[in-house]
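**Q** Sequence:
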Amino acid sequence: MSLPSQVRLIEVGPRDGLQNEAQPISVADKVQLVDALSAAGLGYIEVGSFVSPKWVPQMAGSAEVFAQIQRKPGVTYGALAPNLRGFEDAVAAGVKEVAVFAAASEAFSQRNINCSISESLARFAPIMEAARQHGVTVRGYVSCVLGCPYEGTVAPEQVALVARELYAMGCYEVSLGDTIGTGTAGATRRLFEVVSAHVPRDKLAGHFHDTYGQAMANIYASLLEGIAVFDSSIAGLGGCPYAKGASGNVATEDVVYLLNGLGIETGIDLDTLIVAGQQISAVLGRPSGSRVAKARSAQ
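For the sequence shown, the positions run 1 to 299 when UniProt numbering is used.
These are calculated hints, taken from the structure and not from any lab test. Just so you know, these numbers come straight off a predicted model, no measurement behind them. Fair warning: there could be bad hints in the mix.
Cβ pair distances, simulated, as ranges [said to hold, decoys possible]: (1) 122 <-> 299: 49 to 59 Å; (2) 20 <-> 64: 35 to 45 Å; (3) 135 <-> 24: 32 to 42 Å; (4) 185 <-> 27: 11 to 21 Å; (5) 213 <-> 67: 33 to 43 Å.
We treat Cβ as the ideally placed atom computed from N, Cα and C, and that holds for glycine.
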């Protein structure tokens with residue numbers, strides 16, 4: 001299969017990246033980050049999450065962030081809304097696209113959201129109905145698609161069952177997440193081969209963590225399978241609080257560099273993106289996690 005000519009990147013840094021930070025991050029810093037990502041040419045930015053601040057303190061103030069960002073025409077500003085209350089809060093904040101998530105691992109589902117996979121999917125039914133009524137689009141995530149910290153290997157057939165359910169419920173796209181970053185290129189190709197028998201390839205996305213240094217190889221393997229949408233996080237921010245030792249998402253800067261080298265269009269300006277990553281890294285008091293940014297700084 002030939003490589004896609006264009007790739008769409010879903011920037012998850014402001015949500016998936018920042019939600020695990022220990023230090024408080026101001027609304028102003030979050031707004032600055034989102035606006036900088038918009039300026040770099042990102043067409044989709046996951047701005048925040050409408051969940052209880054008791055469980056995810058860093059996502060408190062998401063409504064304020066949405067109220068203050070400079071929205072650019074043509075850019076989607078999404079949010080995670082895992083329950084009906086969160087969905088209602090998101091709509092009140094002017095959100096036009098939300099995301100829901102399920103796990104491919106029963107053990108991870110129980111540890112993460114205290115319910116089975118089937119129970120988690122059932123919880124999404126009222127969200128999907130409300131989304132239809134409000135004209136809000138819904139994107140789905142499936143976690144632990146290439147391994148689970150509690151169960152080990154996860155069968156691609158199990159991933160396919162969950163992805164198919166999300167797609168059938170009305171998720172226009174389903175992102176398959178290697179939450180603990182143990183996937184390899186071969187396993188990634190097999191995953192998309194199996195799942196695409198149930199969900200069309202143009203409705204699938206890849207979400208890779210770099211714990212074992214395999215994220216870029218897995219993205220290339222996904223491209224070979226015809227996948228043209230990937231989640232990434234500015235400066236490699238993020239991890240998983242329920243997966244011990246899992247490092248951050250693959251850095252958006254590194255993915256753009258890879259795609260540029262392959263002649264694949266993204267519409268993103270790499271230099272502006274690197275600056276955005278350096279700015280938020282300075283706020284957090286550490287260097288950017290992007291290998292490309294580090295290399296450019298050393299030149």
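**Q** So, for every hint listed, does it hold in this structure?
**A** Right, here's what the structure says about each hint:
1. Taking the beta carbon of each, residue 122 and residue 299 are about 53 Å apart, inside 49 to 59 Å as hinted.
2. In this structure, residue 20 and residue 64 break the distance hint of 35 to 45 Å, their C-beta atoms being roughly 20 Å apart.
3. Between residue 135 and residue 24 the CB atoms are about 35 Å apart, so this pair conforms to the stated range of 32 to 42 Å.
4. The supplied range of 11 to 21 Å is broken by residue 185 and residue 27, whose beta-carbon atoms lie about 40 Å from each other.
5. A C-beta distance of roughly 39 Å is found between residue 213 and residue 67, which places it inside the suggested range of 33 to 43 Å.
Hint violations for this structure: numbers 2, 4, all remaining hints satisfied.
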